[in-house]
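So the sequences go chain by chain: A and B. Under our numbering, think of the first position of the first sequence as 293, with each following residue one higher. Under our numbering, think of the first position of the second sequence as 7, with each following residue one higher.
Don't take each hint at face value.
Claimed, not checked - Here are the simulated SDA-like cross-link-like pairs (lysine to any residue), alpha carbons at most 25 Å apart as the crow flies:
hint: 1; chain 1: B; residue 1: K242; chain 2: B; residue 2: G402
hint: 2; chain 1: A; residue 1: K322; chain 2: B; residue 2: Y449
hint: 3; chain 1: A; residue 1: K318; chain 2: B; residue 2: M447
hint: 4; chain 1: B; residue 1: K192; chain 2: A; residue 2: E296
hint: 5; chain 1: A; residue 1: K314; chain 2: B; residue 2: A463
hint: 6; chain 1: B; residue 1: K90; chain 2: B; residue 2: F539
hint: 7; chain 1: A; residue 1: K314; chain 2: B; residue 2: I445
hint: 8; chain 1: B; residue 1: K234; chain 2: A; residue 2: E296
hint: 9; chain 1: A; residue 1: K322; chain 2: B; residue 2: A463
hint: 10; chain 1: A; residue 1: K314; chain 2: B; residue 2: W434
hint: 11; chain 1: A; residue 1: K318; chain 2: B; residue 2: K234
hint: 12; chain 1: A; residue 1: K314; chain 2: B; residue 2: K90
hint: 13; chain 1: A; residue 1: K314; chain 2: B; residue 2: I193
hint: 14; chain 1: B; residue 1: K272; chain 2: A; residue 2: I317
hint: 15; chain 1: B; residue 1: K242; chain 2: B; residue 2: R438
hint: 16; chain 1: B; residue 1: K376; chain 2: A; residue 2: K318
hint: 17; chain 1: A; residue 1: K322; chain 2: B; residue 2: K242
hint: 18; chain 1: A; residue 1: K322; chain 2: B; residue 2: E271
hint: 19; chain 1: A; residue 1: K322; chain 2: B; residue 2: K90
hint: 20; chain 1: B; residue 1: K185; chain 2: A; residue 2: L320
hint: 21; chain 1: A; residue 1: K318; chain 2: B; residue 2: A219
hint: 22; chain 1: B; residue 1: K450; chain 2: A; residue 2: F311
hint: 23; chain 1: A; residue 1: K314; chain 2: B; residue 2: R438
hint: 24; chain 1: A; residue 1: K314; chain 2: B; residue 2: I19
hint: 25; chain 1: B; residue 1: K454; chain 2: B; residue 2: S444
hint: 26; chain 1: A; residue 1: K318; chain 2: B; residue 2: D442
hint: 27; chain 1: B; residue 1: K192; chain 2: A; residue 2: E324
Note that these hints are calculated values from the structure, not bench results.
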Amino acid sequence: MSLEAILMMGATWSVVIFFSGKFLIKALRKGEFDETNRK
Amino acid sequence: MKEIKGERWGSRIGLIFAVAGNAVGLGNFLRFPAQAAQNGGGAFIIPYLVAFLLMGIPLLWVEWAIGRHGGKYGYNSTPGMFHKLGKGKYLKYIGVFGIFNNLVIAAYYCYIESWTLAYVWHSLAGTFTGLDSNAISAFFSTYLNIDNTNSINIPGTGIIFFILTLGLNLWILSKGLSKGIEIVSKIALPALLLFGVILAMRAFTLDAGESGAVYDAMTGFNFLWTPKFESLSDPKVWLAAAGQIFFTLSVGMGSIHCYASYLREKDDIALNASAAGWMNEFVEIILGASIVIPISAAYLGLEWVRSNVGFEMGFRTMPSLFQNWGPVLSVIAGVVWFGLLFFAGITSSLAMGQPVMAFFQQTLNQSRKKSAVTFGILTLLLALPCILFYRMGVFGEFDYWAGTFALVVFATAEMIIFAWVFGIENAWGEIRKGADMSIPMVYKFVLKYITPIFLIAVLVGSTLKPATGDWILELTNLFNGDGWNFAADSVVGTILHIGSENLAYFSNGTPTDIFIKDISRLLLSILFISLSFLTYRHWKKEESK
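Taking the hints into account, I'd like the entire structure generated from these sequences.
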């Protein structure tokens with residue numbers, strides 16, 4: 293792979309992994325909805 | 007309208023997986039790499055991410071907010087939700103798009119989904135073992151019964167697998183939200199991720215000379231990720247990127263509204279929408295771009311990929327490439343690849359069924375099971391023309407009008423209604439209500455101005471797309487009095503059948519493609535009018551109470 297392809301892929305992957313991980317972990321850490329919401 | 011009693015999400019992760027599963031579809035693995043390859047390789051990702059941040063994420067928040075807001079009043083389908091966004095009596099008819107789009111797309115999407123199930127079976131049964139690439143490609147035509155000159159295609163096993171797939175969808179839907187859709191999403195999405203990682207790892211480690219590969223698979227990655235920055239100045243690339251964001255996030259359909267309507271008033275939507283949206287991007291950018299093109303490039307070369315990249319590659323080409331991996335691994339790879347596509351497909355088709363069922367439960371007072379049967383019958387009736395007249399273009403017409411054009415129309419309308427009719431202050435408050443994350447203030451401006459402009463640009467761009475693809479040249483020609491040449495795949499070009507040499511309805515007593523296409527459009531129009539009439543009748547009854 294060329295250097296610019298590696299940089300492009302690396303930068304994009306970093307952004308995507310960072311934000312997808314960040315929001316998913318945050319949602320999991322915030323916990324469930326209100327108890328009455330679960331049936 | 008009565009609220010559907012007892013329908014709630016069982017867990018937060020179940021909801022996020024269900025919405026992400028709705029977004030993750032066949033397009034993540036088959037459409038995205040093709041779009042990236044055709045539009046500047048690595049540079050495509052820049053307009054793509056810009057479109058995601060300025061159009062995709064705002065639309066996700068808007069759809070979740072409209073859904074939760076409508077759910078507060080007991081509405082689980084878009085006509086009722088839109089009715090509550092303003093005083094105009096017409097608003098509920100805009101909401102009809104949210105039923106129409108899902109119903110029509112479900113009809114042909116379940117058919118594609120059934121191909122993946124059939125290919126899992128054929129991979130397991132060893133149907134492809136020993137066949138050369140031409141024979142495997144021809145198998146696809148035989149399966150669809152399009153390898154002859156008949157006007158009507160009757161794919162025997164294709165219909166059986168379609169009915170099996172539809173039946174499975176209906177069975178899951180009839181179980182309800184938490185016991186059906188949620189459980190399936192919790193299984194299908196992790197399984198899909200695992201299958202995707204297995205195939206992507208194989209692509210990364212596939213070197214020339216190994217398992218029959220002619221080139222390193224890295225040549226495919228290099229092709230996809232080498233930026234061509236000059237393509238950033240091409241409006242076509244921006245339109246393609248915005249279009250891909252649309253399809254990949256499943257916005258403009260009515261599914262997200264429906265899923266969000268089962269939340270309570272103060273449940274978070276901002277973080278849930280962001281988590282689901284970014285999860286879809288993970289699957290699309292990281293896994294979607296790492297399978298089909300690199301593996302195809304390793305065996306067939308870049309030239310072949312450039313001229314053949316497209317949707318059918320997944321069925322015509324991939325099984326033959328897997329044959330190079332030996333008798334056992336080829337079976338496993340086939341099951342993993344088509345299993346992945348099946349899981350991606352079923353989580354999306356379930357999301358198409360739920361809003362339609364909710365509409366019938368509320369307008370026709372049907373039970374969950376009865377509404378599943380109604381959805382099944384309508385899907386079957388709409389799918390039959392797609393299956394039987396596949397080669398004459400019914401499939402393509404449904405995909406174009408409901409799966410492409412109507413999505414953009416609905417999304418543009420909902421964005422304008424939410425930001426301008428419901429009002430930006432109400433809209434901003436609704437999105438932030440109960441939010442488990444802070445939303446940057448700049449998004450208030452984006453919601454009011456940028457996203458609507460983006461959407462209008464996509465709508466106008468696809469409607470008036472010039473034949474040459476050069477907007478400046480075409481505008482110059484227009485002002486010089488030379489008129490405007492519409493592209494054959496523009497909305498106007500499609501309506502006028504530009505590019506078709508013979509516009510006659512019959513040739514030697516048999517109907518032509520043009521006739522079948524126009525009949526398809528008539529059928530879709532009748533469906534939209536019927537759904538609007540059902541909405542009108544229901545509201546009349548409600549108002550007279």
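Quick rundown of the hints versus the structure:
no. : hint             : verdict
1   : B:K242 to B:G402 : holds (21 Å)
2   : A:K322 to B:Y449 : holds (23 Å)
3   : A:K318 to B:M447 : holds (20 Å)
4   : B:K192 to A:E296 : violated (38 Å)
5   : A:K314 to B:A463 : violated (32 Å)
6   : B:K90 to B:F539  : holds (19 Å)
7   : A:K314 to B:I445 : holds (15 Å)
8   : B:K234 to A:E296 : holds (10 Å)
9   : A:K322 to B:A463 : violated (38 Å)
10  : A:K314 to B:W434 : holds (23 Å)
11  : A:K318 to B:K234 : violated (36 Å)
12  : A:K314 to B:K90  : violated (34 Å)
13  : A:K314 to B:I193 : holds (22 Å)
14  : B:K272 to A:I317 : holds (21 Å)
15  : B:K242 to B:R438 : violated (35 Å)
16  : B:K376 to A:K318 : violated (39 Å)
17  : A:K322 to B:K242 : violated (41 Å)
18  : A:K322 to B:E271 : holds (17 Å)
19  : A:K322 to B:K90  : violated (30 Å)
20  : B:K185 to A:L320 : holds (21 Å)
21  : A:K318 to B:A219 : violated (42 Å)
22  : B:K450 to A:F311 : holds (21 Å)
23  : A:K314 to B:R438 : holds (19 Å)
24  : A:K314 to B:I19  : holds (14 Å)
25  : B:K454 to B:S444 : holds (18 Å)
26  : A:K318 to B:D442 : holds (9 Å)
27  : B:K192 to A:E324 : holds (15 Å)
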